[in-house]
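Model the full structure from these sequences, guided by the hints.
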Amino acid sequence: MSQQVLEKKIEASDDALRIVFVGHVDHGKSTLVGRILHETDSILPSKLKYVEEICRDRGMRFEYAFLLDALEEEQDQGVTIDVSQVIFKTKKRTYRVIDAPGHKEFLKNMISGASSAEVAILLIDAEEGMREQTKRHATILSLLGVRNIFVIINKMDLVGYKKQVFDQIKSDYSKHLASLKITPKAYIPISAYVGDNITSKTSQMPWYEGKTLLESLDNLERHKPSEERPLRFPLQDVYKFDKQRIFAGRIEDGAVSVGDEILFLPSQKTGIVKSIEKWHAPAQTKAAAGESIGITLEDQIFVERGEIACHAKTKPIVASSFVANIFWMGNTHLMKGAKCLLKLTTQDVECVIDSVVKVINSSTLEEVSETAREVAKNEVAEIVIQTKRPVVFDLFEQVAETGRFVLVHEGHVRGGGIILKKA
Amino acid sequence: MDHLDKLENQSIFILREAYKKFDKLACLWSMGKDSTVLLWLARKAFFGRVPFPAVHIDTTFKFPEMYEYREKYAKEWELNLIVGVNQDAIDRGINYQNNDPITVCHELKTVGLQQAIGKDKWNGLIVGIRRDEDGTRAKEKFFSPRNIDFEWDYKDQPPELWNQFQTDFDKNAHVRIHPLLEWAEIDVWRYVERENIPVVSLYFAKNGKRYRTLGCQPITKPIDSNADTIEKIIEELKNTKISERVGREQDHSQRYAMQKLRAKGYM
Chain A
0 MSQQVLEKKI
10 EASDDALRIV
20 FVGHVDHGKS
30 TLVGRILHET
40 DSILPSKLKY
50 VEEICRDRGM
60 RFEYAFLLDA
70 LEEEQDQGVT
80 IDVSQVIFKT
90 KKRTYRVIDA
100 PGHKEFLKNM
110 ISGASSAEVA
120 ILLIDAEEGM
130 REQTKRHATI
140 LSLLGVRNIF
150 VIINKMDLVG
160 YKKQVFDQIK
170 SDYSKHLASL
180 KITPKAYIPI
190 SAYVGDNITS
200 KTSQMPWYEG
210 KTLLESLDNL
220 ERHKPSEERP
230 LRFPLQDVYK
240 FDKQRIFAGR
250 IEDGAVSVGD
260 EILFLPSQKT
270 GIVKSIEKWH
280 APAQTKAAAG
290 ESIGITLEDQ
300 IFVERGEIAC
310 HAKTKPIVAS
320 SFVANIFWMG
330 NTHLMKGAKC
340 LLKLTTQDVE
350 CVIDSVVKVI
360 NSSTLEEVSE
370 TAREVAKNEV
380 AEIVIQTKRP
390 VVFDLFEQVA
400 ETGRFVLVHE
410 GHVRGGGIIL
420 KKA
Chain B
0 MDHLDKLENQ
10 SIFILREAYK
20 KFDKLACLWS
30 MGKDSTVLLW
40 LARKAFFGRV
50 PFPAVHIDTT
60 FKFPEMYEYR
70 EKYAKEWELN
80 LIVGVNQDAI
90 DRGINYQNND
100 PITVCHELKT
110 VGLQQAIGKD
120 KWNGLIVGIR
130 RDEDGTRAKE
140 KFFSPRNIDF
150 EWDYKDQPPE
160 LWNQFQTDFD
170 KNAHVRIHPL
180 LEWAEIDVWR
190 YVERENIPVV
200 SLYFAKNGKR
210 YRTLGCQPIT
220 KPIDSNADTI
230 EKIIEELKNT
240 KISERVGREQ
250 DHSQRYAMQK
260 LRAKGYM
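For the record, the sequence lines run as chains A and B. For the first sequence, counting from 1, position 376 maps to 375 in numbering that gives the first Met the number 0; every step adds exactly one. For the second sequence, counting from 1, position 224 maps to 223 in numbering that gives the first Met the number 0; every step adds exactly one.
One should not assume that every hint holds.
As the list claims (entries may be wrong) - Some chain A residues near chain B, calculated using beta-carbon distances under 7 Å:
#1 L43
#2 P44
#3 S111
#4 S114
#5 A247
#6 T269
#7 G410
As the list claims (entries may be wrong) - Label-pair distances were calculated between CB atoms; the ranges are:
#8 B/I81 with A/G336: 41 to 49 Å
#9 B/P197 with A/K242: 23 to 31 Å
#10 B/E230 with A/Q267: 51 to 59 Å
#11 B/S200 with A/F301: 23 to 31 Å
#12 A/A311 with B/S200: 14 to 22 Å
#13 A/K420 with B/I81: 48 to 56 Å
#14 B/F60 with A/K273: 46 to 54 Å
#15 A/V257 with B/P197: 53 to 61 Å
#16 B/P197 with A/K268: 56 to 64 Å
Derived from the structure by calculation, the hints contain no laboratory data. All C-beta atoms, glycine included, are put in the ideal place defined by N, C-alpha and C.
Structure (structure tokens):
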């Protein structure tokens with residue numbers, strides 16, 4: 000392993016880049032993550048010893064996956080059940096790895112893990128090639144808005160490191176990704192088990208001229224939030240611990256300053272920001288995206304959780320219906336007329352599925368059938384949602400934070416979606 | 000915005016969600032660095048107040064320094080301190096001399112907590128666990144339901160998308176809320192340093208030993224260390240190859256010990 004690239008110690012999760020590993024159940028995700036942890040020296044010796052002992056007791060070779068699969072059941076079945084999060088570090092930056100299960104049964108766990116990722120690694124087994132899950136995962140990543148994607152062709156050792164195998168998978172998968180408007184950052188042939196092209200280039204695949212996996216990740220430019228963007232400040236709560244009324248929430252996009260006139264939607268009430276409140280922190284006159292703050296206003300107005308504060312010039316949409324792409328995780332089918340609770344930022348609004356425009360098979364990306372009007376588990380659909388009262392939102396492609404939502408059905412979070420347009 | 004700011008902002012967001020969504024909310028406080036940082040973050044979220052009880056599930060086997068610290072800061076920070084003891088188990092002679100650590104932890108902590116919940120009917124419980132502590136904690140969610148028997152169904156956890164948390168559950172269940180899930184051990188210390196948060200003196204080295212985590216006195220062992228300041232502790236953690244909970248006997252007494260304890264409701 001290359002010591003120039005890697006630093007030895009595990010440190011804090013300093014501004015960690017969140018990276019999710021997804022792929023079919025047997026394509027080697029946990030092995031790859033375990034291997035990366037090992038090569039970046041991010042595993043404590045006690046943990047290594049613990050896994051060595053388990054493997055010895057079971058009479059098996061050292062299993063990198065066990066570094067991630069902590070549950071007894073996961074080790075017995077060789078299947079990751081739930082998302083693990085671990086940290087590794089290169090000289091460039093810290094990564095928070097989200098190891099998401101690949102099994103269809105655990106798709107909602109994968110979605111849960113992938114929804115917060117900045118980068119996704121899509122893993123494909125060179126021997127098996129593209130599988131249904133591999134395609135489905137790409138569809139879901141595109142719906143979740145994860146745009147930085149690396150495609151990793153694993154187990155190259157099992158196919159004699161042949162270029163043709165790599166080229167074939169690359170060509171097949173590119174077509175699928177192109178239909179999702181995804182252009183991967185790179186396709187990288189590796190062997191997680193042997194350790195080829197992870198931290199150091201292998202001599203086994205001289206035909207591959209690209210970078211190793213970790214070099215590629217380190218080269219990635221990160222998205223920087225901009226204060227120039229429209230202000231979106233969803234109210235989380237209003238506190239009145241003493242005389243002051245404090246409006247608490249987290250700024251989702253843009254920035255707010257003392258003296259700004261802000262507009263609350265949907266109520267259309269306005270107020271002038273008197274102060275930005277934090278406890279045990281230096282006084283500040285401006286706050287930006289990501290900050291959990293309180294504000295006080297010059298004049299007292301009555302607004303509640305669920306309102307979104309903005310500047311009048313850059314207003315979000317207020318409407319009672321919209322068209323969205325959703326993915327469904329419920330065991331029962333989602334049908335026209337179904338009642339759900341829509342959660343969008345801090346808004347909780349009852350809604351009804353007004354119509355199912357089309358149901359898409361998330362692996363083939365084809366319409367299930369022209370007459371299909373029910374969305375089954377793990378399917379993707381375009382639907383029209385009608386809300387009981389007006390909701391405040393943006394189109395996903397304009398402001399991601401206020402352009403996405405979850406659907407709660409019978410008390411459970413069963414769907415997620417992004418808003419495409421007004422209905 | 001630096002790394003600690005990001006963690007702080009996220010934790011405040013989660014605490015405010017919990018406060019809004021749960022009418023019977025409490026925060027577990029062990030007087031350790033993590034749950035103390037948690038109370039500090041609550042004061043951040045609620046502008047100097049902790050608007051719910053701080054609950055200490057007391058095994059009665061803690062270090063004297065921890066009890067002193069508890070009394071001092073409960074008063075100074077105006078906490079609504081609730082101390083829960085499983086007196087029945089103590090009376091039955093459950094202790095570290097007679098029983099293995101897993102049994103004692105289960106009886107005095109898990110069952111002790113069950114009794115406290117039964118009495119005060121909390122439906123939301125804020126707990127200071129972190130993903131980097133242990134493999135099973137790595138699989139936790141920010142809002143994690145426990146059924147009436149306290150069991151954790153790790154196979155069927157609610158998805159957490161885009162900071163939308165499932166907060167409505169069966170009336171008999173309670174929800175664990177984990178605002179520190181994404182913090183690493185060193186982050187906690189950097190935050191203690193930045194915010195100047197008082198911590199129990201046992202964390203600092205004396206005669207070449209210090210406690211890296213604090214638990215019950217009979218089963219918590221100090222590590223070799225000369226770190227007698229926060230700065231030195233941070234430096235030590237940057238270089239360590241030893242896991243944080245190495246001094247906690249209950250974790251290591253059986254294989255999958257934490258999984259077994261946690262599936263039954265341990266923190």
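We went through each hint and held it up to the structure:
1. L43: 5 Å, holds
2. P44: 5 Å, holds
3. S111: With Cβ-Cβ at 4 Å, under 7 Å, it holds.
4. S114: Hint on A/S114: holds, closest Cβ of chain B at ~4 Å, below 7 Å.
5. A247: 6 Å, holds
6. T269: 24 Å, violated
7. G410: Holds - the Cβ of A/G410 comes within 7 Å of chain B, reaching about 5 Å at its closest.
8. B/I81 with A/G336: 41 to 49 Å: 47 Å, holds
9. B/P197 with A/K242: 23 to 31 Å: 30 Å, holds
10. B/E230 with A/Q267: 51 to 59 Å: 52 Å, holds
11. B/S200 with A/F301: 23 to 31 Å: 48 Å, violated
12. A/A311 with B/S200: 14 to 22 Å: 55 Å, violated
13. A/K420 with B/I81: 48 to 56 Å: Given a distance of about 52 Å, which is inside 48 to 56 Å, the answer is holds.
14. B/F60 with A/K273: 46 to 54 Å: 51 Å, holds
15. A/V257 with B/P197: 53 to 61 Å: Taking Cβ atoms as reference, A/V257 and B/P197 lie about 32 Å apart, which means the hint is violated.
16. B/P197 with A/K268: 56 to 64 Å: About 42 Å separates the Cβ atoms of B/P197 and A/K268, which means 56 to 64 Å is violated.
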